[in-house]
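Undergrad: So the sequences go chain by chain: A and B. What the first sequence shows, in the working numbering, is residues 767 to 919, in sequence order. What the second sequence shows, in the working numbering, is residues 40 to 266, in sequence order.
The hints are simulated quantities; they were obtained by calculation from the structure and are not laboratory data. Treat the hints with care, since some could be wrong.
Said to hold, decoys possible - Partial selection, computed: residues in chain B whose CB lies under 8 Å from chain A: (1) Leu-73; (2) Ile-78; (3) Lys-80; (4) Arg-86; (5) Tyr-98; (6) Pro-173; (7) Phe-190.
Don't be surprised by glycine CBs; every beta carbon is placed ideally from N, CA and C.
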Amino acid sequence: MKWIVIILTIKLGLASSSFFVTSIRAQLFEEPRLGARVVGELRKGEEVRLIDKRSGWALVERQGQRGWVFEYFISSSPSPERISLPKIAGRREAHSGDDAAVTRGVTGEKSGKVSSVQVTRKPAEPSEVFVLWLDKFLVKEEEILRFERGEWP
Amino acid sequence: MALKLFATVLIFFALALAEDLKGRISFETAKTILSSKTIVKDTEITRYVNLVGSTLVKYSSAPELQVRFGVIKDKTPISISAPWLYVFISQEAIKQAQNEAELAGIIAHELAHIILNHHSIVAFGKTSPDGNIPVEEAARRLAKVSLEESFSIEQEIEADRLAMYILFQAGYDPLALLRFLKREGGSSEIIRQRINAMENILQQGGIRGEFKLNTNRFLRATRAIRQ
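Build the full structure now, drawing on both the sequences and the hints.
TA: Now the structure itself:
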């Protein structure tokens, strides 16, 4: 399976010679350096044509406009909207000293997407309790926007 | 056209499966790290660090990552990560930072290691572990890389460079990490080379623009740690 993916990815990449912007936004510079004039801005998923590469920078063309972008910010395959990380649904937060912690047994749903984790009773490991505690701090997009506007705390 | 569509669907399907495995390995790696490091269970500072970190993720080259950020007790200014979902920063690193941009610089460097798959490259010689390695074994090896800071100098420099770009895109001062390292990084050969590499980037024409430091917000949010 892995080799099929690699071959198909390479074939698609070569066939179209296209690259895609992976960052939500990426500045397009006149020259390959941070201090250069910004000539445009690329958006996530936008398709660009790679023309050249130079020490961490990529010269790309988009609708006739050329510019340099950080090499890291483009990829030969479009990045997924959201990586399907195991959503730990149905679990509760375990507390220190609790004798029932979460044991992860992955449950598959349609399309093979892992979306939940079975909960069984087992003595708690403190490190697991702490890792699970961090889940409640996952930040939503609107919280980031408020934070960027300085509306915090 | 139909073949291309089919291939694209197949790629997405395979990537989804691979990312699920990464999620499980990441969880186990974080557990292993936290079995030797104590987390600071302070809601306010953890919320703040997650807001700074998530802002950086948003403007990084991997905005789809759902990274969790935690503060750990350690007497040295360190940051460590469990690829691909957890970044830990020490209380001491927060104490020594002078503003939000410097904190963001430290986090961005760790995030860059994750995005560039450095842990996996050191542990397995490739960007992600094989599916036939048990999750616990993969996690043990990744945690070892993190805790022993086994990255090469080239990887450290590459992470610094990406960190500067992420800071730039997020609107933070891209020089913040450089300033922090020069002031608090010590005098080791690795730190010296990292500083030189970042200064070389600047010598290629400086950096243009106005960037944020958010000093007041940083001092308010980290007051408890500084007391």
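Undergrad: Could you run down the list of hints and mark each one as holding or not?
TA: Each hint tested on the structure:
1. Checking Leu-73/B against chain A: minimum C-beta separation of about 4 Å stays under 8 Å; hint holds.
2. The beta carbon of Ile-78/B comes within 4 Å of a beta carbon in chain A, closer than 8 Å, and the hint placing it at the interface holds.
3. The interface hint given for Lys-80/B holds, since its Cβ lies 7 Å from the closest Cβ of chain A, which is under the 8 Å cut-off.
4. With a cut of 8 Å, the hint placing Arg-86/B at the interface with chain A holds, because the nearest CB-to-CB distance is about 6 Å.
5. Because the smallest distance between the Cβ of Tyr-98/B and any Cβ of chain A comes to about 6 Å, under 8 Å, the interface hint for this residue holds.
6. For the restraint placing Pro-173/B at the interface with chain A, the shortest Cβ-Cβ distance is roughly 14 Å, beyond the 8 Å limit, so the hint is violated.
7. Annotation: Phe-190/B was flagged as interfacial toward chain A, and the flag is violated, the nearest CB pair being 17 Å apart, outside 8 Å.
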